[in-house]
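Each chain is listed here by its residues.
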Amino acid sequence: MAKYIGFRLLATIPLLFAIAVVTFLIAVAMEANGSIAGQVCGEGATTECILEIEESLGLNDPLPTRFVSWLGDVLSGDLGVSLLDRNASVNELISERIWPSLSIVGLSLIIGISLGMLMGVVAAIRPGGLVDRTFSVAAASVIAAPGFLIGMMLAWGIGVELGWLSPVGYTSPSESITGWFKSLILPSIALGMPTLAIVQRQLRSSMANSLQSRYILAARARGVGRATLIGRHALPNAMVPTITVIGFRAASAIGLTTAIEIVFGIRGMGEMLVSAILNRNVTVLQGGMLVVGLVVSTVNLLVDISYGFLNPKVRLNK
Amino acid sequence: MKDSRLMRLLALLLALAMIAAACGSDDPVESATDDGGTDTAETDTGTDDEPADEPDEEPDSSEGDVEDVGNVEVDEEAANCASDVELEVGDYSPSGNADVGMGFILTGGFNPHNNQAPAAFAYYGWLYEGLVRQDPGTGGIVPWLAKCFEISDAGDQITFFLHEGVTFHDGEPFNAAAVVSNIEFIKTAGPPEVLPPVAGQMAAVDSVEAVDDLTVQFNLNSPAAALVLSGLIRNSGFMVSPASLGNAAATPAGTGPYAMDSENADHTDINLVSFADYWQPQMVGLETVNIQGGLSPQVRLDGLIAGEYDIATINNNEQELVPGYSADISVRIGFVVADWLGEQVPALANKDVRCALAGTLNREGIVGQVGQVPESAIKQFAVSSSDYAYVDDLDSPDFDIEAAKALFDSTGVDPSEMVWSNGHLPGGFWPITASAFAGGMAELGVTMNNEALDPPGAGEMFARLARAQHPLQIVAYNEPNALMSLIARTGEGGLNPSKVSPDGVVELVNAAKSKSFEDGEADVAAAWKIMVEECIFIINHALFTTIGFQDYVTGVDHIQGVPVSFWPHGVRVDG
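Going down the list, the protein sequences come from chains A and B.
Residue 438 is where the first sequence starts when you use this note's numbering, and the numbers rise one by one after that.
Residue 777 is where the second sequence starts when you use this note's numbering, and the numbers rise one by one after that.
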């Protein structure tokens, strides 16, 4: 297993390098599209100011030199400073922003996976039954609805109309654990609903197949109890394809959280990246994308590792 | 041949166009603006969603008390040192916190010298002040940190006479030397400390000298006093502590009513704290202020309705989100203020309880069901029952005391243990409604410490707002007594130069009492108008205390009302 994990870790390195190259090239493209130095110097920028900023940002150096220099800074943990506010380090900005995003994504996955699994298993026990059909229709509706729309409906209905939870804002756990949890509920539900629906559909399908397998029939013939049959025999096998889906969902949830953060007025990574794009704040964009890429790679790595645990054939092949 | 004719025709047209262009470029107004270096069309460089700075209307050319200054005017009467009035200094008694939701972000930091976005002025106003400011009411340039100023006959010298006892947030004194340091720094520091357009606002200043500790003289390189004053109401005019100069990235210390407490890295979560040594201590209404920037319009609106924000800016390009908004308003400021001084009253969070209580305001309902209102009080203000729009709109035409009691019971709060304290506006401004409300409260078992204006008065106010009888650019959600609570928060004689509340209101009410039944409605309307004006003044001061906000806000005094049915009638949870 250690060898398998090591192999997966090594495979992540070229992926991260590719992300670094792409983020750097995006910055170059943005620069070619207009003067970053002019943006920094502001309205009425003097030539001196533009030259000074270009020099300080190394914009006059050849591209490979700039890339190596930037990568060196990144590897040493320095993501630079915001172009719009030279006092704000990108590291500091990201460290403020990443926790709300991770909190929402984490809770949304917990909600989506746990409820999705429960509903998937319940639906698979009686395929074609009333429960199965109800869940299928609900899942299809949720998948068809964009996450931000669900978010807006929750904010309006539960937050504004009913006043049960705050429709906006994020409370840091350092301020209040209860407040933090409350502030996460609505955005996490909005983000977790599609995960729930997809996991439910996938698990229902693979679970139904598993329950009709010969080994399940044999186990049943041996008198294995229903709970054991489902929990120990059918579910682990049905989980392998579901884990793949969860991996995809986890990665896409990190991206989809942008819309959710905007709807609920939460300052997370997604909102920061959108703001950086609008302001052409290249350093923040580079740093943010790199960190998001790192998080997504880590999630993929964890999914790959979980394959190894669930399916011995996977780790034996490596 | 045809080609040759065509070419000649084109050449002729080109020549005519060049002549016309040459004649047209000789525009003295344009030239003056360009030469002056006062950049009046600042560009918003952040993610601000405020409307861009628009040129003001053509200045009035008539001679009089007002002198044209570029696109702003000097209020000569206010600036005149001969008519200088001694500054009144009241008590420092701030209370409460305001959560403010804003759309724009202070992307370039909190330093007015290197962040010139017009939208940033909404932030600067809390912390910084200038020698002069733009009067929120008239738009004219009036003295502020300077008591008064004099312009030489030639127009090439301005002498400012400063207020005594003004200090910066870091404890440094504000005096002539500080002004000299500021202006010299603006002229010489260069970017990134001072952006070129900010320095350009002082381009016409040749030198600045301290005549004495509280007198400072600007010597200009041309008769450009008007342009310099116009510059001083912008970024270059914000006075910061000399000890703060030279660090573009940091938040400098100003002289404003609030000081920086803390902020996050990208200035989207800003905590301000009241400045105890503010030179006009009575003007510091709030103890703390939290500003959340970069919020989408929907988030601001939702937050306002849900009580997360006390104040949220809703820009004119966002008005379609809010029912009842019209298209001809520049900026709206909405309020959610918790009950009284920010304390939660759980039983009253229930909309139906409020509706039932509101029923007491129906005069027929008062007489028929509460029966405690003296006849003289009923006669006091002959307002038609139809004026109490919210009673009908809230589907509670009759006061059902049993239903109200049941609803109180459902909240789990014993009304007899509830004390509704109220010390906001002493005196019975609208005795009929106040009495009715007190009567209703008494019926429910709620102790009311004094009979006062707020709930019914504000209810009436909002009923009228809803009917657009008094156009106003204030929108209040959630709490019908929001504006009155705001007055209360500012303390007695706080942000209240006219002393309308409470003294003025009492006087007005006494005057109204002595009048006949027929005059009553007009007096109510007049009193109401004065209170609203008071609120506007408070809002202007509490939000945007100083210079520049008017650059892109045309005023806070011309709004229509909001349909009463839109009131969510919730109560903020956090108090």
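Hints may contain errors.
[What the hints assert, rightly or not] Reference excerpt, derived from the structure (chain B facing chain A, CB under 8 Å, subset only): (1) 983; (2) 986; (3) 1047; (4) 1049; (5) 1082.
[What the hints assert, rightly or not] Simulated pairs of lysine to any residue, SDA-like, Cα-Cα distance not exceeding 20 Å: (6) 963(B) to 929(B); (7) 963(B) to 727(A); (8) 963(B) to 947(B); (9) 923(B) to 857(B); (10) 963(B) to 742(A); (11) 440(A) to 642(A).
What the hints contain is simulated information worked out from the structure, not anything from laboratory work.
We treat Cβ as the ideally placed atom computed from N, Cα and C, and that holds for glycine.
Evaluation of the provided hints:
1. 983: At 23 Å from the nearest chain A Cβ, residue 983(B) fails the 8 Å test, so the hint is violated.
2. 986: Violated. Min distance 30 Å.
3. 1047: Not OK, violated: residue 1047(B) not within 8 Å of chain A, min 12 Å.
4. 1049: violated, 17 Å
5. 1082: Result: holds, 5 Å to nearest chain A Cβ.
6. 963(B) to 929(B): violated, 25 Å
7. 963(B) to 727(A): At roughly 41 Å apart (the allowed maximum being 20 Å), residue 727(A) and residue 963(B) break the hint.
8. 963(B) to 947(B): It is violated: about 25 Å lies between the C-alpha atoms, which goes past 20 Å.
9. 923(B) to 857(B): It holds: about 7 Å lies between the C-alpha atoms, which stays within 20 Å.
10. 963(B) to 742(A): Since the Cα atoms of residue 963(B) and residue 742(A) sit roughly 62 Å apart, the hinted pair is violated (cutoff 20 Å).
11. 440(A) to 642(A): Violated: residue 440(A) and residue 642(A) sit about 33 Å apart, past 20 Å.
Going through the hint list in order, the structure does not satisfy hints 1, 2, 3, 4, 6, 7, 8, 10, 11.
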